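Sequence lines, in order, name chains H and F.
Taken in order, the first sequence gives residues 1024 to 1131; the numbers are from this note's numbering.
Taken in order, the second sequence gives residues 1024 to 1131; the numbers are from this note's numbering.
Simulated from the structure, these hints should not be mistaken for laboratory data.
Note that the coordinates shown come from a computational prediction; the quantities given were computed from them, not determined experimentally.
Accuracy of the hints is not assured; some may be wrong.
Identical copies carry no separate label here, and so any pair may be met within one copy or between two of them.
Said to hold, decoys possible - Here are the simulated DMTMM-like pairs of lysine to aspartate or glutamate, each with C-alpha atoms no more than 20 Å apart in a straight line:
1) K1130 x E1108
2) K1040 x E1088
3) K1130 x E1057
4) K1040 x E1073
5) K1130 x D1095
6) K1130 x D1112
7) K1130 x D1089
8) K1130 x E1061
9) K1130 x E1098
10) K1130 x E1043
11) K1040 x D1089
12) K1040 x E1087
13) K1040 x D1095
14) K1130 x E1088
15) K1040 x E1057
16) K1130 x E1053
17) K1130 x E1073
18) K1130 x E1087
19) K1130 x E1050
20) K1040 x E1061
Letter by letter, the chains look like this.
Number of protein chains: 2
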Amino acid sequence: MSTPIPVGAWAVIFISKRREVDQGYAETGERMLELVAEQPGYLGHHSVREQDGTGITVSYWRSEEDIRAWRDNAEHRLAQQRGRELWYDGFDTQVCRVERSYQFVRKP
Amino acid sequence: MSTPIPVGAWAVIFISKRREVDQGYAETGERMLELVAEQPGYLGHHSVREQDGTGITVSYWRSEEDIRAWRDNAEHRLAQQRGRELWYDGFDTQVCRVERSYQFVRKP
């Protein structure tokens, strides 16, 4: 993230455990990245997954309403459904309000 | 996480980029895990790092005061200092209040 996330923004934490089935996972993931980038109020995200299938994605939003609009996006809804049917053994989601924000960048 | 994180709990999101120096990183990490587990109000954490050095750790807490107490722990302060001096090229930290929480677990 090039600039710190502002206090008052919102974060969606998504902790997931992947199953060893692909069945459109990669292409749906790419499509969701295209789609989310067009969403009003989307501020960016970080995503990391380890070899064992455990992953954490954090996305940042201007407001709670923007998060709801993305959740209810029709194409995203289909992807969420396929996630529960096929791609994940389980996941935890927390919708949070950012109350403090810090950044450290090493000096060259 | 075996149970969902309750609404009203707090999350600390730590997004970091590691440097290719160890110099006590692994043993300090293990010590911090021991220490944090004893902290009042600590509810658990998830931590994932990719090969390129990008990592996300999310820890969960009962209250903002519990987060401050952990931040100000003397041994933890030393570790934070060494993080800035040695181990990280940069990091972003957000302290957040959990406003909504969901869990999906695949049925066997």
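Now for the hints, and whether the structure bears them out:
1. K1130 x E1108: Between copies only: 10 Å across, 46 Å inside.
2. K1040 x E1088: neither (27 Å within a copy, 31 Å between copies)
3. K1130 x E1057: Answer is neither: 33 Å inside a copy and 31 Å across each miss the 20 Å cutoff.
4. K1040 x E1073: both (10 Å within a copy, 15 Å between copies)
5. K1130 x D1095: neither (42 Å within a copy, 24 Å between copies)
6. K1130 x D1112: Cα proximity of K1130 and D1112: across copies only (9 Å, versus 41 Å in one copy).
7. K1130 x D1089: neither (35 Å within a copy, 31 Å between copies)
8. K1130 x E1061: Answer is neither: 33 Å inside a copy and 34 Å across each miss the 20 Å cutoff.
9. K1130 x E1098: neither (42 Å within a copy, 25 Å between copies)
10. K1130 x E1043: between (41 Å within a copy, 16 Å between copies)
11. K1040 x D1089: neither (26 Å within a copy, 28 Å between copies)
12. K1040 x E1087: neither (25 Å within a copy, 28 Å between copies)
13. K1040 x D1095: This pair counts as neither: shortest intra-copy Cα distance 23 Å, inter-copy 33 Å.
14. K1130 x E1088: neither (37 Å within a copy, 31 Å between copies)
15. K1040 x E1057: This pair counts as neither: shortest intra-copy Cα distance 23 Å, inter-copy 25 Å.
16. K1130 x E1053: Cα proximity of K1130 and E1053: none, with 34 Å in one copy and 27 Å across.
17. K1130 x E1073: neither (29 Å within a copy, 23 Å between copies)
18. K1130 x E1087: neither (35 Å within a copy, 30 Å between copies)
19. K1130 x E1050: Neither way: K1130 and E1050 sit 38 Å apart in one copy and 26 Å across, limit 20 Å.
20. K1040 x E1061: Cα proximity of K1040 and E1061: none, with 27 Å in one copy and 27 Å across.
In summary, the numbered hints that this structure violates are 2, 3, 5, 7, 8, 9, 11, 12, 13, 14, 15, 16, 17, 18, 19, 20.
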